[in-house]
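J.: Here are the chains, one letter per residue:
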Amino acid sequence: MSRFQDSEHLLRVVLAFALGTLVFVLARTFLVPQSFGEYGHYRANAMTEIAAKPVVFAGHQTCETCHVDVQELKTKGKHAPVNCEACHGAQAKHADDPGAIQPPKLDTATLCVRCHEVNGARPQNFPQIVAKEHDSAGLPCETCHQPHSPRIGAGAKP
Amino acid sequence: MPVQGYMYPNEIELAWSVLIVLYPFITGLVAGAFILASLERVFRVEAVKPTYRLALLTALSFLLVAPLPLQLHLGHPGRSIEMYLTPHRSSAMAMFGFVYLWYLMVVLLLEIWLDYRRDIVAVWQQSTGLKRLLYGALALGSKNISEAALRIDERVGYVITVIGIPSAFLLHGYVGFIFGSVKANPWWSSPTMPVVFIFSAMVSGIAAVLLIYMFSSWYRKQTIDMRCVDTIARYLFYTFIIDFSLEMLDLVHRIYEADESFRTLDFMVHTRLYFSQVVGQIYIGTLVPIGLLALTQLFKISEPVRKRIYGVAGGLTLVGIFTMRWNVVIGGQLFSKSFLGYTTYKIGFVAREGLLTAICLTLLPLVILWVLVKLLPPWPDHQALASTATAPAHGSD
Amino acid sequence: MKIDRRQLLLLLPAAAVAWDAVLAGTPEAAPNYKLTEHWWGMLVDISKCIGCGNCVRACATENDVPEGYFRTWVERYHVSDYDLVNPVVDSPDGGKQGFPPYTETGGKNFFVPKMCNHCAESPCTQVCPVGATFTTPDGVVLVDKEYCIGCRYCIQACPYGCRFLNPKTQTADKCTLCYHRITKGLTTACCEACPTGARQLADLKNPKDPIHAFLKTHTVQVLKPSMATGAKLFYNDLDGSVR
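Protein chains in written order, with our numbering: chain P, -15 to 142; chain R, 122 to 518; chain W, 5 to 247.
Treat the hints with care, as some may be off.
[Claimed, not checked] Some, not all, of what chain P presents toward chain W, calculated at C-beta under 10 Å:
#: 1; residue: Phe14
#: 2; residue: Tyr23
#: 3; residue: Ala36
#: 4; residue: Leu57
#: 5; residue: Arg98
#: 6; residue: His100
#: 7; residue: Ala105
#: 8; residue: Val114
#: 9; residue: His118
#: 10; residue: Ser120
Don't read these hints as lab results, they were simulated from the structure.
Quick reminder that beta carbons are idealized off the backbone N, C-alpha and C, glycines included.
With the rest of the complex left out, here is chain P (with noise of 0.2 Å):
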């Protein structure tokens, strides 16, 4: 019993560990998030919540539901690859709502210009301009090429 109280101060310290010890494991019941851990060393959750946002690039085959022509147009020339995108930007919102929001026109004569303007490291097959020299009457591309059939002679009129 004198050893034991001899140590007397000793147990203080062990006692006050143990107890912050205690307090730990039981905060963290409930500090650890929920979905943690189902998958791996992650917040499960983490997952769906990336999953749900919104997409704001509709996709092409959304506008493939309403524009049937302009996709027909499309397939047979140069610009079939190209998806609606590429060139008119994001439409989602006008997907979802197509009365209400209307994409903007294109420039044609500063669009076309960030593909075709001639560029050494371009590949060599890939079709190259030098706008100057091409339309030196500084026309918009338009004008001579149908966009989504840009071939002359190869689609509609444009």
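Position chains R and W relative to chain P; hints supplied.
T.: For chains R and W alone, coordinates are given in the frame of chain P:
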């Protein structure tokens, strides 16, 4: 010019700032000061006894400040408790919370408490009012200072110090591993990183205690125990040689193997990192202090000159170890992982991660130490407590 | 508009598929998406990239990427003759506004789109101290911005430089492979916007995915293979000079 050559766009701005330089510097001082204290307690180097308590209090002051640079750096400091709730076992950084808590509670606080207990109880029993409450709390309400109890304290304290040595290595070694295990960064990725960190920590901690002891003796107009500082300087010298050898080994190895990353790193060391790496760390921060200490080891030098040499060498050592942390952390982010370019570190002044913050965080431990020294005087002459203690002296301290 | 019978026969199945996609396009509906049926990756064809920057702009629009930071970007390489070690690389604003005309002659010039490689043995998820970044069972590396503490360790650990600290959320951020789109049957924003098909989403677990045939018939590489990250971003026609 901010960017030279090519950097990946997301690499241009540095992710880890001067605060991340400060953290290993501070924990290094903690580990080093503790190792110095353990020299007396475990390895029976009697000569350094006058600095035993001072070293422990120095370690505690720096350890209390250590989490602050990290908290100021985090994007969400309020979420840092997640490191305790869901530590990711594959991450070296996840160890931080537990290693820190272990070292603070089980090693440092317990050892200090056990060593000071007799004095704490003595002051408690003679005080009144707020001071009485404070010292009563420090004693954990226990008046148990019989001979047998103090013998138990001595034994337990010894065991704690023995455990404390590998704990100190872990406290700082894991920081080295945090850098050394990043395969994406060739400046950091190295198995020697934890070892280099530990040895440079010991160097900085020993130098810090040396300087603080010399300064506080001068300030309190007490004579400096020359046997003590001579011994400390000797240990500083040996540890520094080992530290320097390890860093040179890493350098020689890199130059010899000259792998894919070598050209870009070599260029960086000769240009953007030249001042802090070559001039700051190697010349001023390592070679000069080693040279000065070597003089005192090889030649008989008078006491006043020796004191000055120790002061200068100690100060330059701290500069050297700080620049070493700087060169690791900042240097590792100045070059592109494409090995094709470099960026610059833009440090603010009055900003959350700015220079002013770093300076304040470096000075704060000294303020805390000043408070601790008032609460728990570590002076071997026992002037502060001798007048208040009524219990008969139990032999030498 | 007038539709004759032939057109109707072509239209109906297409419309049915499209209608499914439209239904899938509404944020709440993706109940038939099973995590274990997919293992996502991506294919980038260097021989098709024209450096138009559509992908960078589309990603920024789709994912609210802050100015000056990039979930994806395009690099332009100039490799002079046989010197693979010293390419000249630029990426003005990540390629977001395309690239200025190139005056360099000679050597090899090409574009390299970059993004998160969604590594199967990802070094970035390994170092996260709290479990805020992780690999989903379907192979996408994501960041939980409600849990991330912003320590930036993952940013340091990524060998490809694809992570950044989002200044608005103060958490780590990076390409999510448009997880909110691919789980609804859509493709990623960057693939949708790419005019040449240089970027293609790939589901390695889907036996009908064209990537399987592609991998068998083309020379394909990943970036920094010595890092053994299990990168799932496959490049066709990747030059040895690419870092």
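J.: Now, for every hint given, state plainly whether the structure supports it.
T.: Comparing the hints with the structure gives:
no., hint, in the structure
1, Phe14, "violated (16 Å)"
2, Tyr23, "holds (6 Å)"
3, Ala36, "holds (6 Å)"
4, Leu57, "violated (13 Å)"
5, Arg98, "holds (5 Å)"
6, His100, "holds (9 Å)"
7, Ala105, "holds (4 Å)"
8, Val114, "holds (9 Å)"
9, His118, "violated (14 Å)"
10, Ser120, "violated (17 Å)"
Violation of the numbered hints given earlier is confined to hints 1, 4, 9 and 10; the remaining hints are satisfied by the structure.
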